[in-house]
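So the sequence lines, in the order shown, correspond to chains E and G.
Take the first sequence: its letter number 285 is residue 285 in this note's numbering, and every next letter is one higher.
Take the second sequence: its letter number 270 is residue 578 in this note's numbering, and every next letter is one higher.
Derived from the structure by calculation, the hints contain no laboratory data.
Heads up, the beta-carbon is just placed ideally off N, CA and C, and yes, glycines get one too.
Honestly, I wouldn't trust all of these hints.
[To be verified] Cross-link-like lysine to any residue pairs, in silico, SDA-like; alpha carbons within 25 Å at most:
1. Lys-479(G) to Arg-92(E)
2. Lys-390(G) to Asp-560(G)
3. Lys-101(E) to Lys-504(G)
4. Lys-101(E) to Lys-390(G)
5. Lys-101(E) to Lys-352(G)
6. Lys-101(E) to Lys-131(E)
7. Lys-352(G) to Val-30(E)
8. Lys-352(G) to Lys-504(G)
9. Lys-32(E) to Asp-318(G)
10. Lys-32(E) to Phe-17(E)
11. Lys-390(G) to Lys-32(E)
[Unchecked claim] Stretches of chain E that chain G covers, calculated by requiring three or more beta carbons in the stretch to come under 8 Å of a beta carbon on chain G:
12. 101-107
13. 130-138
[Said to hold, decoys possible] Covered stretches of chain G, as calculated for chain E (at least 3 residues, CB under 8 Å):
14. 319-326
15. 333-347
16. 531-542
17. 580-591
The primary structure of each chain is shown beneath.
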Amino acid sequence: MAGRRGGEQPVVPDTEFTSYYGTPVLNPPVWKTPDIPGYLFLGGLAGASSVLAAGYHRAGRHGVATVAKTGALGAVTLSVGALVHDLGRPERFLNMLRVFKPSSPMNIGSWILTGYGPLAGVSALSAVSGKLPRIGAAATAGAALTGPALAAYTAALLSDTAVPAWHEGHRELPYLFVGSGAVAAAGLGLLAAPARAVAPARNLAVAGTALELAAFRRMERRLGMVAEPYRGGGAGRLVRAGDALSVAGVACAALGRRSRLLRGLGGAALLAASACTKWGVFKAGQASAADPKYTVIPQRQRIRAEEP
Amino acid sequence: MRTTRAQPADPAGDSGYPDHPPRMGFFTDTSVCIGCKACEVACKEWNAIPAEGLDLTGMSYDNTGGLGANTWRHVAFIEQNKPVTRPDPGLHQDQDVFTMAERGTSTGEDFRWLMSSDVCKHCTHAACLDVCPTGSLFRTEFGAVVVQEDICNGCGYCIPACPYGVIDQRKEDGRAWKCTLCYDRLGDGLEPACAKACPTDSIQFGPLEELRERAGRRVEELHEAGVADARLYGADPDDGVGGDGAFFLLLDEPEVYGLPPDPVVTTRDLPRMWRHVAGAAAALLAGTAAAFLGTGRG
Ligand code: SF4
Ligand code: SF4
Numbered sequence: 001m002a003g004r005r006g007g008e009q010p011v012v013p014d015t016e017f018t019s020y021y022g023t024p025v026l027n028p029p030v031w032k033t034p035d036i037p038g039y040l041f042l043g044g045l046a047g048a049s050s051v052l053a054a055g056y057h058r059a060g061r062h063g064v065a066t067v068a069k070t071g072a073l074g075a076v077t078l079s080v081g082a083l084v085h086d087l088g089r090p091e092r093f094l095n096m097l098r099v100f101k102p103s104s105p106m107n108i109g110s111w112i113l114t115g116y117g118p119l120a121g122v123s124a125l126s127a128v129s130g131k132l133p134r135i136g137a138a139a140t141a142g143a144a145l146t147g148p149a150l151a152a153y154t155a156a157l158l159s160d161t162a163v164p165a166w167h168e169g170h171r172e173l174p175y176l177f178v179g180s181g182a183v184a185a186a187g188l189g190l191l192a193a194p195a196r197a198v199a200p201a202r203n204l205a206v207a208g209t210a211l212e213l214a215a216f217r218r219m220e221r222r223l224g225m226v227a228e229p230y231r232g233g234g235a236g237r238l239v240r241a242g243d244a245l246s247v248a249g250v251a252c253a254a255l256g257r258r259s260r261l262l263r264g265l266g267g268a269a270l271l272a273a274s275a276c277t278k279w280g281v282f283k284a285g286q287a288s289a290a291d292p293k294y295t296v297i298p299q300r301q302r303i304r305a306e307e308p
Numbered sequence: 309m310r311t312t313r314a315q316p317a318d319p320a321g322d323s324g325y326p327d328h329p330p331r332m333g334f335f336t337d338t339s340v341c342i343g344c345k346a347c348e349v350a351c352k353e354w355n356a357i358p359a360e361g362l363d364l365t366g367m368s369y370d371n372t373g374g375l376g377a378n379t380w381r382h383v384a385f386i387e388q389n390k391p392v393t394r395p396d397p398g399l400h401q402d403q404d405v406f407t408m409a410e411r412g413t414s415t416g417e418d419f420r421w422l423m424s425s426d427v428c429k430h431c432t433h434a435a436c437l438d439v440c441p442t443g444s445l446f447r448t449e450f451g452a453v454v455v456q457e458d459i460c461n462g463c464g465y466c467i468p469a470c471p472y473g474v475i476d477q478r479k480e481d482g483r484a485w486k487c488t489l490c491y492d493r494l495g496d497g498l499e500p501a502c503a504k505a506c507p508t509d510s511i512q513f514g515p516l517e518e519l520r521e522r523a524g525r526r527v528e529e530l531h532e533a534g535v536a537d538a539r540l541y542g543a544d545p546d547d548g549v550g551g552d553g554a555f556f557l558l559l560d561e562p563e564v565y566g567l568p569p570d571p572v573v574t575t576r577d578l579p580r581m582w583r584h585v586a587g588a589a590a591a592l593l594a595g596t597a598a599a600f601l602g603t604g605r606g
């Protein structure tokens with residue numbers, strides 16, 4: 001760690017700042033764990049799985065497609081459950097549909113869920129029951145088109161707050177989130193796909209991991225000191241675990257062409273990777289809101305930069 | 309909805325009140341605050357806000373800590389080792405609160421107390437209001453920002469959205485609460501309870517335009533009297549939140565009082581956020597399609 005002064009506090013140059021007895025400037029997010037980080041993870045898994053399912057459906061790989069479709073339905077059902085649990089009462093979810101408000105990502109998210117959820121449901125039920133194949137195919141396509149919105153909007157949900165590590169990361173977080181969603185969906189695909197059909201899931205795992213890692217590095221560079229919460233403490237450990245697990249998952253997928261066990265391990269690692277990443281991002285935001293320096297110092301620097 | 313320099317912001321008009329009274333607000337002049345907490349108490353009483361129980365923070369005479377669901381006015385107590393700059397005794401009518409305060413408590417020339425009564429800023433561009441998914445937060449005809457507790461979902465979105473750390477969730481009912489600018493009193497032509505109770509006129513209530521003029525004069529007076537650190541906070545309609553409906557005269561940097569030095573309404577970046585969300589969603593579609601390339605059919 002660069003330049004330690006006075007024992008305890010790790011001091012990066014330029015972190016001198018004043019605060020009101022060290023108390024946070026912001027009120028901390030009241031969103032509960034595991035509800036909201038779980039919601040972020042499940043939304044990504046559901047949305048990306050629907051896209052992957054449509055691909056397998058189109059390729060005629062109905063076994064994997066059905067697993068991806070039911071996985072998407074399961075994930076979106078659990079995610080709504082997590083949301084309602086955080087809100088406390090089911091009718092509170094409906095309360096959000098009384099207005100349409102583009103300035104509120106949470107409101108838009110409710111509409112996305114309302115559009116996507118039934119499509120994912122019809123797609124999965126048709127695949128499992130074998131009934132109404134045409135309607136099932138249309139719903140599969142619809143879920144594949146709306147799923148990405150579900151996987152990506154949660155980034156705006158976090159960024160549209162004053163929480164420094166979330167707000168400042170608003171350019172990269174959507175890419176990070178869909179990358180992480182793709183990693184999760186690929187993980188589920190790997191668990192389900194027979195050897196002959198594993199290639200697309202494996203490719204998606206590689207692409208998702210690459211996108212996620214690239215977005216993270218870019219965000220860290222751009223954020224400067226505000227990126228510290230993504231590296232330190234519990235959030236940092238989760239983010240690093242996510243990175244390691246997705247790389248390990250990709251490696252298993254690449255080597256596991258013939259080994260079902262290796263593919264299974266890879267799939268599980270990718271699912272865990274995605275969960276760790278989302279949890280890490282969530283925790284990093286909480287940590288950045290709790291320490292006044294992440295609010296005060298960047299704002300001071302901005303004022304200084306704007307001064308003639 | 310940016311407002312230009314030429315025209316004063318009209319949040320009530322923008323929110324669909326074609327004929328509305330002038331925008332009302334608070335000017336909190338901390339240079340005359342004596343830390344009596346009459347505002348905190350009056351606010352609690354009038355708005356029937358539950359007690360928090362007895363907490364000793366141990367950090368100063370401030371045992372409230374900060375604004376929250378059950379604290380809509382909060383008096384900050386800052387103990388500083390800084391030379392005292394006193395304004396001319398004639399400035400605050402004929403009382404010199406500084407001498408009075410010093411007589412009781414000062415331990416020397418290098419020690420001073422800053423006190424400041426904080427409150428919801430009733431931002432011109434209010435992030436809490438923008439992000440509320442239910443429309444529970446609304447703008448009153450007086451330009452203030454109010455939560456309707458019968459509609460509030462308790463989703464908690466407004467809480468991290470507020471760049472000032474004002475609005476918060478009440479644990480008992482899960483809903484969000486904050487200062488209403490005493491909406492119920494205003495309708496009856498009364499001033500808010502805190503301003504009414506303030507014995508030094510540190511909290512002044514009135515049409516925002518008038519308050520801004522008065523505040524400008526007060527800063528000049530203080531500067532002339534040698535209080536070089538006096539400055540207005542939240543009064544600039546061109547700042548990141550479009551100016552505050554409750555603004556302050558401070559005697560030090562805002563962060564000393566626990567206030568953000570350059571707050572920005574988070575939704576200012578929202579169009580860009582939505583563009584990146586769309587880009588990322590498209591990337592997921594395209595990337596997954598690409599993952600099937602060359603992998604063959606059936
Ligand atoms: S200070 Fe916070 S709670 Fe008050 S209007 Fe502004 S954003 Fe809303
Ligand atoms: S907690 Fe209530 S007031 Fe705040 S954003 Fe949610 S619904 Fe709106």
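Do the hints match the structure? See the list:
1. Lys-479(G) to Arg-92(E): At roughly 17 Å apart (the allowed maximum being 25 Å), Arg-92(E) and Lys-479(G) satisfy the hint.
2. Lys-390(G) to Asp-560(G): This hinted pair holds, its Cα atoms lying about 11 Å apart.
3. Lys-101(E) to Lys-504(G): Roughly 37 Å separates the two Cα atoms, so the pair is violated.
4. Lys-101(E) to Lys-390(G): Violated, at about 48 Å.
5. Lys-101(E) to Lys-352(G): Not OK: Lys-101(E) and Lys-352(G) at ~33 Å, beyond 25 Å, violated.
6. Lys-101(E) to Lys-131(E): violated (37 Å)
7. Lys-352(G) to Val-30(E): Satisfied, since the Cα-Cα distance of roughly 23 Å is no more than 25 Å.
8. Lys-352(G) to Lys-504(G): Measuring from Cα to Cα gives roughly 13 Å; hence the hint holds.
9. Lys-32(E) to Asp-318(G): violated (37 Å)
10. Lys-32(E) to Phe-17(E): Distance ~30 Å between Lys-32(E) and Phe-17(E) Cα, so the pair is violated.
11. Lys-390(G) to Lys-32(E): Distance ~42 Å between Lys-390(G) and Lys-32(E) Cα, so the pair is violated.
12. 101-107: Since 7 is at least three, the answer is holds.
13. 130-138: It is violated, with 0 qualifying residues against the three required.
14. 319-326: Coverage by chain E is violated for the region 319-326 of chain G (0 residues, Cβ < 8 Å).
15. 333-347: violated (count 0)
16. 531-542: n = 0 at 8 Å, threshold three: violated.
17. 580-591: With 11 residues in contact (Cβ-Cβ under 8 Å with chain E), the coverage given for the region 580-591 of chain G holds.
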